[in-house]
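Student: Per the working numbering, the sequence shown starts with residue 1, numbered consecutively.
Please note that a few of the clues may not be correct.
Between beta-carbon pairs, the in silico distance windows are [unchecked claim]: (1) Q74 to I4: 27 to 35 Å; (2) L15 to R66: 22 to 30 Å; (3) M1 to I70: 43 to 51 Å; (4) I21 to P77: 18 to 26 Å; (5) G69 to R22: 51 to 59 Å; (6) G12 to R66: 19 to 27 Å; (7) E58 to E19: 25 to 33 Å.
Since the hints were derived computationally from the structure, they do not count as laboratory data. No residue lacks a Cβ here, since even glycine has one placed at the ideal position from N, Cα and C.
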Amino acid sequence: MARITIYCRRCGKYLHDYEEIRQCASSRRRGQGPHRDLGSENVTYQSNWTNCDACQEEYEVYMYARRNGIPYLQPNPPFN
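Hey, can you work out the whole structure from these sequences and the hints?
Tutor: Next up, the structure:
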């Protein structure tokens, strides 16, 4: 079993987590279920800023300011 946690790559904000049951390769090949004594692991992934509500909001404010000529600091870290 793996507990997967997702963070925003840009701002580091926690986005969500979920649990996933993983099978070993030999078990998958034979079409069997997972082993009885499952080990557990914590896995951390980073997601793109487009999946983060806070970064999307900041991007909208930044683009609004740019379109209307309002001085706005360059975002750090940038939106890439």
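Student: None of the hints should be skipped; say for each whether it holds.
Tutor: To see whether the hints hold, each was checked on the structure:
1. Q74 to I4: 27 to 35 Å: Roughly 33 Å apart at Cβ, these two residues keep to the hinted range, so it holds.
2. L15 to R66: 22 to 30 Å: holds, 26 Å
3. M1 to I70: 43 to 51 Å: holds, 50 Å
4. I21 to P77: 18 to 26 Å: Hint violated: Cβ distance 35 Å, outside 18 to 26 Å.
5. G69 to R22: 51 to 59 Å: Given about 52 Å between the Cβ atoms, the range holds.
6. G12 to R66: 19 to 27 Å: This hint holds: roughly 24 Å between Cβ atoms.
7. E58 to E19: 25 to 33 Å: holds, 31 Å
The structure fails hint 4 only (numbered hints given earlier).
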